[in-house]
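Each chain, written out:
Protein chains: 2
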Amino acid sequence: MDQLHDTLAANLTRLAETAVRIGVNIQPEQELIVNAPVEAVGLVREIARQAYRAGARNVSVMFNDQALSRIHLEEGAESIFDYAPAWRYDGVIRAASEGAAILTVFGADPDLLAGCDAGRQARSQKAHAIAGRGLREIIGGFRTSWSIIPFAHPAWAKAVFPGRGEADAVALLWDAIFSTTRVRDGDPVANWDAHVKQLHARAAGLNGKRFDALHFSGPGTDLRVGLVEGHLWAGGAVETAAGRRCLPNIPTEEVFTMPHCQRVDGVVRSTKPLSYQGTLIEGIEVRFEGGRIVQADARNGAEVFRNLLAIDEGAARLGEVALVPDASPISRSGLLFQNTLFDENAACHIAIGRALGINAPGGEIEGLDGANDSLVHVDWMIGSGEIDVDGLYKDGRVEAVMRQGAFV
Amino acid sequence: MDQLHDTLAANLTRLAETAVRIGVNIQPEQELIVNAPVEAVGLVREIARQAYRAGARNVSVMFNDQALSRIHLEEGAESIFDYAPAWRYDGVIRAASEGAAILTVFGADPDLLAGCDAGRQARSQKAHAIAGRGLREIIGGFRTSWSIIPFAHPAWAKAVFPGRGEADAVALLWDAIFSTTRVRDGDPVANWDAHVKQLHARAAGLNGKRFDALHFSGPGTDLRVGLVEGHLWAGGAVETAAGRRCLPNIPTEEVFTMPHCQRVDGVVRSTKPLSYQGTLIEGIEVRFEGGRIVQADARNGAEVFRNLLAIDEGAARLGEVALVPDASPISRSGLLFQNTLFDENAACHIAIGRALGINAPGGEIEGLDGANDSLVHVDWMIGSGEIDVDGLYKDGRVEAVMRQGAFV
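Those sequence lines, one after another, are chains S and G.
According to our numbering, the first sequence is numbered sequentially starting from 1.
According to our numbering, the second sequence is numbered sequentially starting from 1.
Be careful, since some hints might not be right.
[Stated by the list, open to error] Here are some of the chain S residues that sit facing chain G, going by a computed Cβ distance under 8 Å: (1) R21; (2) N35; (3) Y52; (4) R57; (5) D65; (6) I71; (7) E78; (8) Y83; (9) D90; (10) G91; (11) G99; (12) A167; (13) V170; (14) A171; (15) L172; (16) R306.
[As the list claims (entries may be wrong)] Derived DEER-like restraints, expressed as beta-carbon distance ranges: (17) G/R164 to S/T13: 57 to 65 Å; (18) S/E364 to G/E166: 51 to 59 Å; (19) S/G243 to G/E75: 54 to 62 Å; (20) S/T13 to G/A310: 54 to 62 Å; (21) S/R53 to G/G283: 42 to 50 Å; (22) G/D373 to S/R143: 51 to 59 Å; (23) S/R53 to G/R164: 52 to 60 Å; (24) G/G266 to S/R143: 53 to 61 Å; (25) S/T13 to G/R287: 31 to 39 Å; (26) S/E364 to G/D117: 23 to 31 Å; (27) S/G165 to G/T7: 27 to 35 Å.
[Claimed, not checked] Over 12 Å on every C-beta distance to chain G, these chain S residues come out as not near it, computed from the model: (28) A40; (29) R45; (30) S79; (31) S97; (32) D222; (33) R269; (34) E386; (35) A400; (36) Q404.
If you are wondering where the hints come from, they were derived from the structure by calculation, not from laboratory data.
Keep in mind that this is a model prediction, so the values were computed, not measured.
Cβ coordinates follow ideal geometry from the N, Cα and C atoms, glycine included.
Model the full structure from these sequences, guided by the hints.
Below, the structure is given as structure tokens:
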């Protein structure tokens, strides 16, 4: 047990170091804001230690507690759900505008809010989306360096390993995390350098194609996704507005680009559950017409899903389409993480909501034909070993991009 | 064990309810900001539940982690200690200005920062004091309702009960907390109503005296504390600027008023250790001349104490003097809490630093002759069963106020 404990501690240190040095790539005298669940306090301390060693001017931790969300929904008076504390977002916006990096430690019970009033959830999510809009613009425009890393929250571990006791489940989830975040084996910095090169090469190859659209086909899916003229494929590390490199998601396996928000047609079926802010949405089936979702159903969480689509006009249109080989390390782990940070890196996916500046030819989505705008941006998985993807050229030619989940 | 656990849960609920209903006296549609250590998450959830039931519009929790302070001091580059994240204070200042109540849950390792560099501590404390000045003005001026309640932090419990295992120590500390906060026995609301009436009566009695000065005498202490002309004694519940009643400290046993910052002379010896921001300062001995501390020593933590006195001109002068009977419930518990929230309610005390508006004839210290100003306000204990206090009238008459720690 002592040896296991030592290994865990060593890997936590490597994850913290990877997050600080590669994820947000903290610079001397730069401030760091860390968002984290209270349960992650041990990992947070290690992150702070690594950040100060890298010269950080200050590490401000914004701890959160999931259970408070449920208490809010269950105990709050009916009148309060359209309010969100803008002052909390504005403080972070100010710090990020002045150069603070933002590191989010994510791990949560995927189905925490099961059974909570969907109407209250929708109102509260919209209020937070409005209060947090400026922050999402900074994040989406890479106006500062940011990153998201995972944490083996006990409730999440139990959802991934339902047959196990809590301690076992947490140990197994940590092992899966350390492996898929490339910190367990070898030198994390070298691992990530090599992997990022591969993702950049893949994005460059797709940028060379100038596809007009992608076509996804498989069980329950026959979807044509038009791409914005001049769209850029991205993946792996990103250069911020200040010219610093950061790695926004750890792990990451995707390359992604910008769909045309009025040129998406057909049907698509989700291939993995989507945990959206504490509600597990499973078995999504939607129909697009002219870019808009005109019919939506889900086996589980349908009301929360439909409320999400109704937040604003752009929430029922696409802002991102991403390709991930079915043979990605996360997919090969055989685990269903019920956590988008992982599952979106195990399968091709689409995101409803706001498009990303990084996929726009000029780096800005404002005024770009076909670029979607919305308060939200939510990824969900549509890929698997049964899905084929074709690239469609403007002149009618068709080229195979993926067959049975693998790049051709 | 199950019954013990049930009792603990019931008492935590009573403490949370007392904090919400009597402490900050939350109003429908009022926002609540809670500051709390991460270890207190269970109590915080109960506070949130009670606050929402009382109609709170939102409960924003600002969790803190003590250990991060130590990591900051130990690992930070030498250049960073004059910085504090003003954006964090400014957010709370904005929310409080718009009416949010502030509830602080306090429990900490009294000697967490032992051995840390005192110079770095002093620089960091000053930076935070400057960034937090606006917040202290809101707090000190009761421009919103606020309260501080205790939490049996394991490290604190072990300091109070050094011979015990952690679980035992925590259980014993909780019991002492529930008893001294008047939530364990009987109806907390009725208990506090009766106690506040008593404190208000004591303050009213002292206000009727119009003493010109107080004289403290006992072992190592011979101190004359001049009082500001028109000073007001206060204690117990306070009315905020908006006319709402709140109870700023739970527990509270003191009545206190405003010393004249240029009319304090003599020597005084501390009777209990002072835990100041993670450093235990013991055996303080100081000499006042013309209101100013001109000589200061301490058996432990002398460097941190002298740095505190040097923060600014007002840090070496008094801003508060308080009377507490040696027979207070906290004193009778026989425990040395090493936590000012408790120890200041077991003994007469003085505070160096900023004077309090509540003790000023017009409610404002600006422009008031003898009212001290400073970035800090730090209480330390000078009372015991061996201390006598006399009230001195302007015409030379002397009246006994306390004998051997008891009100006459």
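Verify that the Cβ of S/Q404 lies farther than 12 Å from every Cβ atom of chain G, and report whether the claim holds or is violated. Answer for S/Q404: holds, closest chain G Cβ roughly 46 Å.
G/T7 and S/G165 - C-beta distance against the hinted 27 to 35 Å: holds (28 Å)
Are S/R306 and chain G close enough, Cβ to Cβ, to be under 8 Å, as the hint says? violated (26 Å)
Given S/Y52 as an interface hint, is its Cβ closer than 8 Å to any Cβ of chain G? Result: holds, 4 Å to nearest chain G Cβ.
Between G/R164 and S/T13, does the C-beta distance stay in 57 to 65 Å? violated (33 Å)
When you take the CB atoms of S/E364 and G/D117, is the distance between them in 23 to 31 Å? Roughly 47 Å apart at Cβ, these two residues miss the hinted range, so it is violated.
Do the Cβ positions of G/D373 and S/R143 conform to the proposed distance bound of 51 to 59 Å? Given range 51 to 59 Å: violated, Cβ gap about 40 Å.
Satisfaction of the hinted span 31 to 39 Å by the C-beta atoms belonging to S/T13 and G/R287: Because 50 Å falls outside the window, the suggested range is violated.
For S/R269, is the shortest CB-to-CB distance to chain G above 12 Å, so the non-interface label stands? holds (38 Å)
Checking hints one by one. Is S/G91 an interface residue toward chain G, by the C-beta closer than 8 Å rule? holds (4 Å)
So, S/Y83 near chain G? Judge it on the closest CB pair being under 8 Å. holds (6 Å)
Does the interface hint hold: is S/V170 within less than 8 Å of chain G, judged Cβ to Cβ? Hint violated; S/V170 Cβ to chain G Cβ min 18 Å, cut 8 Å.
In this structure, the hints that do not hold are numbers 1, 2, 7, 11, 12, 13, 14, 15, 16, 17, 19, 20, 21, 22, 23, 25, 26, 28, 29, 30 and 31, in rising order.
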